[in-house]
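With chain P's structure known, arrange chain R on it following the hints.
Top to bottom, those sequences are chains P and R. Take the first sequence: its letter number 190 is residue 190 in my numbering, and every next letter is one higher. Take the second sequence: its letter number 95 is residue 1095 in my numbering, and every next letter is one higher.
Derived from the structure by calculation, the hints contain no laboratory data. Please read these numbers as outputs of a predicted model, since none were measured by experiment. Be aware that a few hints might be false.
Unchecked claim - Some chain R residues near chain P, calculated using beta-carbon distances under 7 Å:
#1 Gly-1003
#2 Ser-1021
#3 Val-1051
#4 Met-1059
#5 Val-1076
#6 Gly-1085
#7 Val-1087
#8 Met-1095
Ideal placement from N, C-alpha and C gives every residue a C-beta, glycine not left out.
Read off the chains here:
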Amino acid sequence: MNDVSQFSAGISVLEITYILASVLFIMGLKMLSHPLTARRGNILAAIGMIMAILATILFHRKDGMQIGNIGWIILAIVIGTAIGWVIAKRVKMTAMPQLVSFFNGMGGAAAALISIMEFPHVSQELIARTGMANGHVLAILLGLVIGTVSWAGSMIAFGKLDGWIGDLRVRAMKYVNLTIMAVIIGFVVYIMTRDVQASAELMPLVIILFVIAVAYGVLFVMPIGGADMPVVISLLNSFTGVAAAMGGFLYNNQAMLTGGILVGSAGTILTILMCRAMNRSLLNVIIGVFGGGGQAAESAGGAIKEITVSDAAVLLSYSKKVVVVPGYGLAVAQAQHICHELDKLLDEKGVEVKYAIHPVAGRMPGHMNVLMAEADVPYEQLVESDEINPDLPNTDVIVVIGANDVVNPAAEDDPSSPIYGMPIVKARDARNIIVMKRGMGKGYAAIENMLFFNDKTRMLFGDAKSTLQALVNEVKAL
Amino acid sequence: MEGFLEFFMANKGTIFMVILSIFLGIEVISHVPAILHTPLMSGANAIHGVVIIGAIIVMGHAETTGAMILGFLAVVLGTLNVVGGFVVTDRMLEMFKKKK
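For reference, chain P alone in the conformation it holds in the complex (with noise of 0.2 Å):
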């Protein structure tokens, strides 16, 4: 049993790219945390990554026997990369979120898979000796029942982020998860305390814990508003990471270990990160509680003043400088190119063009970002909203661009707020505010705006993309 007795020269080279492996792994996620490295970063952990695959079809022994079905396990790879590459290269960039999670989803299902195959082949001598309560088993457990919730989680999140699958906001919810976690818990000490000769005998009572986990994961992530979808997917993503790491454990096999635990810790790190960029604690957002307030704004609602295409032009064409404020809403009609075209148009007509990106705009933290720089615009206009905020008393004109919560006073103002205490971009403090919006609507976090209300603002309706098109025409005119 002990490492020296398997020592072989396949074994050794095995284990020394599983360290490689590892060692590119903590590289990749250090640079991928730079913006100038970052790129590279992801490259190094891919490389890592076909280092660990290749060592482990080529060099795995178990029991001395090596790795068969190479066959089929190349097809699958294959098939895998085919799809995955592209659905990945295809999809539109407003859209990746969902992408991410989709993909998450798909690793914990492959380590739930894992777990339900290793079940019925835990050693009779271990049981003999120890019963079914020993680590062996519970990494398997642990394994499926993490893996099973981030793969249905995931599901639910893509689903939800893709507009298909609507909130499920009922208060009793929370009761109901907790008692599920509970009866897995149960569940898991059930197994593992019964008295039988071989695990496979207990297969039937495993699939119960499956379907379990299934609804577990469900129910985690219905109630959990679109707006905390983010923080969610984070949150699963993690927890795949850590399904993979008790795969570590199962085969003792450093290298799951590694890449497991540093994206389960590193993704818990980033989804308190990203809570607190929202201002919301991760407890809040895990049991849902979000909405039931707001009460005082939906009163208040006074008139909105609108404003004609030629006026917007106008206003903008002689300003000093105006900072444009982009929404999801802008990335959903794909204008961020023909917005980059009117700033440009401004530019050279002496404006100072300005985009206030505020960290949570779009549908993930840091999304905004990518997608304005898919319009190719220069990294100095994009300005983050703490920095920006001084500077609003000094700014002629604020555009918002299918923007909401991210500018909503209500976050200052209305301490019955769900968003109160969210930083924002003090879109109000500008001297003039242009709203460019499809209708009404409310944002994603489903709550009114008392900005579109304010004496100094506009509304400009329409689609973003045709609206912004008619703009650049005008200020072309001028």
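Just chain R now, with coordinates in the frame of chain P:
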């Protein structure tokens, strides 16, 4: 209980490493700017695709048809996670690169 203690002893090096990895993971990304949250999440997402190694091992020792089918599925899903994750992250970061 004995089963857990035995597992702990057999894996004590590993458990030690796991604890260090947890701190490493926290340390590595705790100063990430908000603009990189999305690519970082996506990159981390690709890295946990390392679960594919487990899928390859289980498929490599599958004997029954049922196990073959499940193993095949696990490898396909794991590959999707790895390839999709890295390619999407690269696509996001490619856009950051263009700005100078």
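Do the hints match the structure? See the list:
1. Gly-1003: This hint holds: Gly-1003 of chain R lies near chain P, its Cβ roughly 3 Å from the closest one there, short of 7 Å.
2. Ser-1021: This hint holds: Ser-1021 of chain R lies near chain P, its Cβ roughly 4 Å from the closest one there, short of 7 Å.
3. Val-1051: holds (4 Å)
4. Met-1059: holds (5 Å)
5. Val-1076: Cβ of Val-1076 of chain R sits 4 Å from chain P, so the hint holds.
6. Gly-1085: Constraint on Gly-1085 of chain R satisfied, holds at 5 Å.
7. Val-1087: Given a least distance of 4 Å, the restraint on Val-1087 of chain R holds.
8. Met-1095: Where the cut-off is 7 Å and the nearest Cβ of chain P is about 4 Å from Met-1095 of chain R, the hint holds.
In the structure shown, no violation is registered for any of the earlier numbered hints.
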